[in-house]
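Participant: Sequence:
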Amino acid sequence: MSQITITLPDGAQRSYEAGITGGEVASDISKSLGKAALACTVNGEFRDLSRPIEADADLAIHTLKDEPQALELIRHDCAHIMARAVQEIWPDVKVTIGPVIENGWYYDFDREEPFSAEDLEVIEKKMRDIIALRDPVRTEIWDRARAVAHYEASGEPFKVELVGMIPEGEAIRMYWHGDWQDLCRGPHLAHTGQVPADAFKLMRVSGAYWRGDAKNKQLQRIYGTAWRNKQELKAYLTMLEEAAKRDHRKLGREMDLFHMQEEAPGQIFWHPNGWNIYTTLQDYMRRRQRAGGYVEVNTPQVVDRKLWEASGHWEKYQENMFIVEVDEEHAREKAINALKPMNCPCHVQIFNQGMKSYRDLPLRMAEFGSCNRYEPSGALHGIMRVRGFTQDDGHIFCREDQIEAETAEFISFLSKTYQDLGFEGFKVKFSDRPEVRAGSDEVWDKAEAALLSATRAAGIEPELNPGEGAFYGPKLEFVLTDAIGRDWQCGTHQVDFVLPERLDASYIGQDGEPHRPVMLHRATLGSFERFIGILIENHAGKFPLWLAPRQVVVATIVSDADAFAADIVAQLRAAGIRAETDSRNEKINYKVREHSVGKVPVILAVGRQEVEDGTVSMRRLGEKHSKVITVAEAVAILREEATPVDLRH
RNA sequence: GCUGCAGUAGCUCAGUGGUAGAGCGCGUCAUUGGUAAUGACGAGGUCGGGAGUUCAAUCCUCCCCUGCAGCACCA
Numbered sequence: 001m002s003q004i005t006i007t008l009p010d011g012a013q014r015s016y017e018a019g020i021t022g023g024e025v026a027s028d029i030s031k032s033l034g035k036a037a038l039a040c041t042v043n044g045e046f047r048d049l050s051r052p053i054e055a056d057a058d059l060a061i062h063t064l065k066d067e068p069q070a071l072e073l074i075r076h077d078c079a080h081i082m083a084r085a086v087q088e089i090w091p092d093v094k095v096t097i098g099p100v101i102e103n104g105w106y107y108d109f110d111r112e113e114p115f116s117a118e119d120l121e122v123i124e125k126k127m128r129d130i131i132a133l134r135d136p137v138r139t140e141i142w143d144r145a146r147a148v149a150h151y152e153a154s155g156e157p158f159k160v161e162l163v164g165m166i167p168e169g170e171a172i173r174m175y176w177h178g179d180w181q182d183l184c185r186g187p188h189l190a191h192t193g194q195v196p197a198d199a200f201k202l203m204r205v206s207g208a209y210w211r212g213d214a215k216n217k218q219l220q221r222i223y224g225t226a227w228r229n230k231q232e233l234k235a236y237l238t239m240l241e242e243a244a245k246r247d248h249r250k251l252g253r254e255m256d257l258f259h260m261q262e263e264a265p266g267q268i269f270w271h272p273n274g275w276n277i278y279t280t281l282q283d284y285m286r287r288r289q290r291a292g293g294y295v296e297v298n299t300p301q302v303v304d305r306k307l308w309e310a311s312g313h314w315e316k317y318q319e320n321m322f323i324v325e326v327d328e329e330h331a332r333e334k335a336i337n338a339l340k341p342m343n344c345p346c347h348v349q350i351f352n353q354g355m356k357s358y359r360d361l362p363l364r365m366a367e368f369g370s371c372n373r374y375e376p377s378g379a380l381h382g383i384m385r386v387r388g389f390t391q392d393d394g395h396i397f398c399r400e401d402q403i404e405a406e407t408a409e410f411i412s413f414l415s416k417t418y419q420d421l422g423f424e425g426f427k428v429k430f431s432d433r434p435e436v437r438a439g440s441d442e443v444w445d446k447a448e449a450a451l452l453s454a455t456r457a458a459g460i461e462p463e464l465n466p467g468e469g470a471f472y473g474p475k476l477e478f479v480l481t482d483a484i485g486r487d488w489q490c491g492t493h494q495v496d497f498v499l500p501e502r503l504d505a506s507y508i509g510q511d512g513e514p515h516r517p518v519m520l521h522r523a524t525l526g527s528f529e530r531f532i533g534i535l536i537e538n539h540a541g542k543f544p545l546w547l548a549p550r551q552v553v554v555a556t557i558v559s560d561a562d563a564f565a566a567d568i569v570a571q572l573r574a575a576g577i578r579a580e581t582d583s584r585n586e587k588i589n590y591k592v593r594e595h596s597v598g599k600v601p602v603i604l605a606v607g608r609q610e611v612e613d614g615t616v617s618m619r620r621l622g623e624k625h626s627k628v629i630t631v632a633e634a635v636a637i638l639r640e641e642a643t644p645v646d647l648r649h
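So the first sequence is numbered by full-length UniProt numbering: it starts at 1 and just counts up by one.
Treat each hint with caution, since some may be false.
Here are the in silico distance ranges between beta carbons for each label pair [stated by the list, open to error]:
hint	residue 1	residue 2	range
1	Arg287	Asp441	25 to 31 Å
2	Glu232	Val302	41 to 47 Å
3	Ser116	Thr238	22 to 28 Å
4	Gln301	Glu241	40 to 46 Å
5	Thr139	Glu241	45 to 51 Å
6	Phe471	Lys250	38 to 44 Å
7	Thr139	Glu161	17 to 23 Å
8	Ser559	Arg648	33 to 39 Å
9	Pro136	Gln261	25 to 31 Å
10	Ser116	Ala331	32 to 38 Å
11	Gly614	Arg648	25 to 31 Å
12	Gln261	Glu140	42 to 48 Å
EDC-like cross-link-like pairs, simulated, lysine to aspartate or glutamate; straight-line CA separation at most 20 Å [what the hints assert, rightly or not]:
hint	residue 1	residue 2
13	Lys230	Glu72
14	Lys201	Glu67
15	Lys446	Glu400
16	Lys587	Asp562
17	Lys35	Asp92
18	Lys627	Glu612
19	Lys427	Glu513
20	Lys427	Glu461
21	Lys125	Asp135
22	Lys591	Glu633
23	Lys587	Asp560
24	Lys542	Glu88
25	Lys126	Glu67
26	Lys250	Glu461
Keep in mind that the hints were calculated from the coordinates and are not lab data. Cβ coordinates follow ideal geometry from the N, Cα and C atoms, glycine included.
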């Protein structure tokens with residue numbers, strides 16, 4: 001037996017016989033470490049404690065203290081324990097896959113009968129029984145034929161398929177706890193008792209397609225969440241509740257911003273408060289775009305199918321379009337139109353009017369373009385994913401050699417916009433040529449290089465999405481992060497070589513010959529509807545003053561202050577502030593509560609004292625204390641704060 | 001679109017095979033009250049839509065619509 005040297009993370013070295021396991025080393029270091037050990041990392045490879053170490057190695061023993069490894073192991077073992085629990089309760093259920101995901105895991109099962117909420121409780125209880133058994137986890141490497149034969153014999157067709165998907169040369173590893181067995185890459189805990197029995201919870205059941213393909217069989221997926229201890233689980237559940245409190249659908253109702261109803265699924269009825277946010281945002285974008293050298297246009301909603309055929313939408317996008325047929329009986333003519341799902345073909349029509357010269361380029365054309373798309377019913381979600389929406393759309397017609405400068409210009413435009421709207425940072429994703437594409441490799445080379453270098457020049461290193469570009473050109477996607485760390489893809493910037501060709505756009509170059517322009521499709525917010533949803537959730541309804549629909553409420557404490565309040569509101573309105581009085585016959589506590597729930601940023605309370613002194617008691621949303629200042633001071637402060645960010649100085 | 005769940009007063013929700021209840025909100029009256037709910041009284045729904053079973057359906061069955069969660073989709 002040869003001796004090997006094990007080097008621990010602190011640099012300490014220990015000598016053992018070759019073939020010793022990580023678990024044995026842990027026990028040798030100390031009895032308590034031996035107990036606490038969950039798994040180990042050997043020369044950078046995350047492994048089971050039970051695997052022998054044959055040569056000199058760096059070794060790190062993982063315990064519950066190592067958060068990422070511990071969570072990975074716990075969740076992974078939860079997945080297996082859940083699958084075992086399900087098969088022990090319903091032996092005829094077929095197992096498929098059960099990966100670790102953010103905050104937990106899921107496992108997909110094939111079972112005729114749907115799992116019910118009560119079933120989840122039963123499964124959860126069974127899981128705790130399995131954990132209490134403290135069954136050791138055992139592993140073996142099998143050859144492919146044996147694994148296939150085993151799963152065929154045990155009637156697990158999905159596992160047979162999975163074995164077939166494991167690449168040649170990769171070990172086929174089998175795991176057991178108790179008699180239950182699963183195919184798995186590992187690693188796993190040393191025994192089932194290492195899963196904290198009070199720190200996991202089954203969350204929900206849903207359908208999911210086998211291998212993520214809608215053409216395949218639909219399986220039943222059970223989601224669970226698991227943590228290192230009860231406190232972490234509780235913190236996570238509390239966080240979910242907090243996130244639910246900012247749900248834009250709930251706040252939209254509470255703040256009286258909008259509503260939706262079943263006669264118009266996926267479309268929004270904007271109430272005065274919500275429309276105020278919308279127009280404030282649109283006014284802001286319009287000023288920014290004008291300053292950015294865009295010309296604003298507006299194009300038709302209902303457009304003949306001929307244009308969609310020419311643009312390619314009829315062929316590629318028809319499923320998502322609202323088709324409008326006018327029949328002969330009523331109109332004495334037959335016409336098939338479609339509501340526009342995108343603005344680009346219409347913009348090319350404007351570009352195509354008259355002759356364009358190279359001197360006209362780059363031509364930056366913007367439209368707050370209302371579009372309608374027949375989104376699948378299951379995709380609809382509040383005002384975030386709708387069937388009728390308005391994009392802050394724009395198309396830049398330019399020469400190939402202008403792509404880089406225009407891209408840089410747009411990135412700076414977008415970056416300022418996000419900053420103005422209260423978002424700290426954003427990520428950029430770069431998608432390059434897909435397999436099936438239009439345009440020559442040479443043109444793609446140029447376009448990709450231009451996008452990349454413009455992004456890098458802006459000091460941004462994009463995340464690469466190889467092969468994910470549109471068939472007509474490469475694209476950048478801009479993802480912003482909200483106040484609670486969620487990512488939202490909003491902006492987009494796409495190079496398009498195809499549409500100008502299909503719709504025959506051209507300009508006369510310096511050489512007197514016609515040339516094809518390149519089109520850059522770009523949007524900053526994406527759609528107003530979705531972006532406002534994001535804003536609501538980002539601010540939890542507490543909008544900065546300039547965006548808030550109702551900026552100030554002047555609330556009277558006694559009715560003797562009614563006239564004074566009305567006068568203050570008149571002064572505030574004259575200063576351009578959205579203000580209203582609340583002189584209802586209610587107590588000040590009641591009014592403060594109601595307007596706080598309604599997320600009004602500023603309440604000015606006025607009673608006898610204020611009338612006498614010409615002051616107001618200013619209370620900001622969420623603050624406990626109010627401040628007494630003169631009316632003139634209040635107007636001056638609020639005027640400044642209510643000014644849109646881009647107009648301030 | 002697929003799977004599952006849900007749809008009762010403006011909102012949140014309870015409830016029953018014999019035509020329905022609470023809190024908040026709303027209205028009226030009283031109260032003029034200092035920074036997150038003053039009190040009393042009152043109005044308000046035929047229980048998402050359609051069909052069926054039944055002497056009788058909001059409650060059971062079927063179909064449809066809409067919503068929610070996830071999957072798929074997001075050109």
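Participant: List, from low to high, the hint numbers that the structure doesn't satisfy.
Facilitator: The structure breaks hints 1, 2, 5, 9, 10, 12, 17, 19, 22, 24, 25 and 26; every other hint is satisfied.
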